[in-house]
Amino acid sequence: MAEKIIDRSNEYIRIEGVTKRFGEFVAVDNVSLNVYKGEIFCLLGGSGCGKTTLLRMLAGFEAPTSGRILIDGQDMADIPPYERPVNMMFQSYALFPHMTVAANVAFGLEQEGLTRAEIDRRVGEMLDIVKLGDFGRRKPHQLSGGQRQRVALARALVKRPKLLLLDEPLGALDRKLREHTQFELINLQEQLGVTFVVVTHDQEEAMTLASRIGVMNKGQIVQVGTPTEIYEFPSSRFVADFIGSVNMFDGQLVEDEPGHVRIRCPELEATVYVSHGISAAPDAKVSVAIRPEKIEMTRTAPEGSENRARGVVKEIAYMGDMSVYLVRLDSGRIVRVTIPNIERHDERIVWEETVYLNWHPSSPVVLSQ
Amino acid sequence: MKTRGWFRNGALAFGLAFLYIPILSMIVFSFNNSRLVTVWDAANSPTLAWYRKLFANGQILDAALLSLQIAAVTATGAVILGTLAGLALVRFGPFRGRAMLATMTTAPLVMPEVITGLSLLLLFVALEQLTGWPAGRGIATITIAHITFAMAYVTVVVQSRLAGFDDSLEEAALDLGAKPAKVFFRITLPLIAPALVSGWLLAFTLSWDDVVISQFVSGPNSTTLPMVIFSKARLGVSPDINALATIMVLIVATGVVLSTIWMKRQERRRLLEEQMARSDAG
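Going down the list, the sequences are from chains A and B.
Residue numbering for the first sequence follows my numbering, starting at 1 and increasing by one per position.
Residue numbering for the second sequence follows my numbering, starting at 370 and increasing by one per position.
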């Protein structure tokens, strides 16, 4: 999750109040968004949240019902897909099954009216970049899933687009290959300086790929930020819940100072002390969100009378690199805690043990309900 | 297991016999020397006499040639029109009159041929009175009539192929800078080609053996092969018809066997290539 530096002076895509309706259904609802040159922007959301529709409007396959899309300062309203400075990598890869790999990659260049020699040179170059130099004469069905993905990428990149749209680029790959391909994609993007807009429903994929993420829900962008911002400072219950897992407690603001707040949650016996101010009305109903990995679990009672809870371990899931514990508090509430398995022969906490939970005052995120 | 095996083999034998004994008996009788179709002349058979007689019969040969021509033109015309109709139905979304077009193009599939033939005859007669064309009935009217009903079959075949077609292939081609007409000829057409070939063959066969509709719209100098066979059969089946039918069966059987072998071979190659892809996947 290394943060990349984003040059915000160099705006490349501007989406202004774009709405797309299919009959009664509003697929994209008044979305405004800027994407900067050279970044990897991820549109993240569940199925039917409008992310793919937004991508298809950038490619030109759908026209906005209202609003404007500008790419490199140019209004895209009347520009058909085949004249846009944009290429897309499809979720199904959409490789032409009746053409060889080389012919697939060459297809886009042929439309530009280049000479055969020039086309062959650039196709060869591109296939070498995606490490498929020896596969030019194969047909798509003679390739593995990972190889097909790279052909699709090569075909989209060979035209040297300023903007590449990727629809679930890693969706069809198995887990090992995904991880590897993610880093390859990032390398390629840096090497070629292309702006990427990626659509995905996989938060892990968005986290590793993106310089910024736009989280979508029901056709709207609910939060835009760097992966760290989205994960550590979600702006709403939806985002906190959608990205990673989270323990959410409803409560009431009892003390509201510029530097800290105190919140009473019925499900926690102790008050929650948060070491940063929030903007909420006094006595407002709020939710406190705490990530499972930010909770410490001990056998002995922690110091202090705040940010703590007591419970009994009800469930343990061993995941190898870490373990997930489900702890039932005295109030009956189940809390999720993840503990990295640092040592091998540690006396680990086991089922039905009574444990104490505590967390740092900077860890909770306060969200308005 | 033993009884079940017996039952299965019996069922298979009965099924095959039901389908092929009539054809087989026809082939056997085409080598019969007797003038009476149903009497086997053991003394002088088998003989190729009827085949010789067949090839000396100008009327039958002319009719066969005419049928071939009509079938080829029909198949080509039906494929062009049927493809356009199929494309419109699958690709143009819910346009005004779509449901009507869908019903109308497939209506000839269920319409009794007698009615199709009669209505076409009335149309041609009315047209001739109004515009002077077509002047009498003949090859042109038969071809038009055949295209009309064969097109419906082609439309269904093309439609089902297009429905299983990944739209993103066309979008990808557009995205790569190809204009819509080019996308159609470089991507869509090659990919639906198998459907066009089977549609063409289907239309050809339908036209080749149609007798009812042809009967209505044919003129004095346009007797197709099925019409000849039909009229000869009414006068009493003569053995040279058996010979003709045997030749047709032979041609069809050869075609079927060849295409089966070709498909088997394609399938085996595809499997082999897929195995190859998996073994050096990376």
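These are computed hints drawn from the structure, not numbers from a lab.
Computed from a predicted model, the values in this text were never measured in an experiment.
Glycine is no exception: its CB is placed at the ideal position from the N, C-alpha and C atoms.
Be aware that one or more of the hints could be misleading.
[Stated by the list, open to error] Residues on chain A that point at chain B, a partial pick, calculated with CB under 8 Å: (1) Pro-81; (2) Asn-87; (3) Met-88; (4) Gln-142.
Okay, the hints, checked on the actual structure:
{"no.": "1", "hint": "Pro-81", "in the structure": "4 Å, holds"}
{"no.": "2", "hint": "Asn-87", "in the structure": "6 Å, holds"}
{"no.": "3", "hint": "Met-88", "in the structure": "5 Å, holds"}
{"no.": "4", "hint": "Gln-142", "in the structure": "5 Å, holds"}
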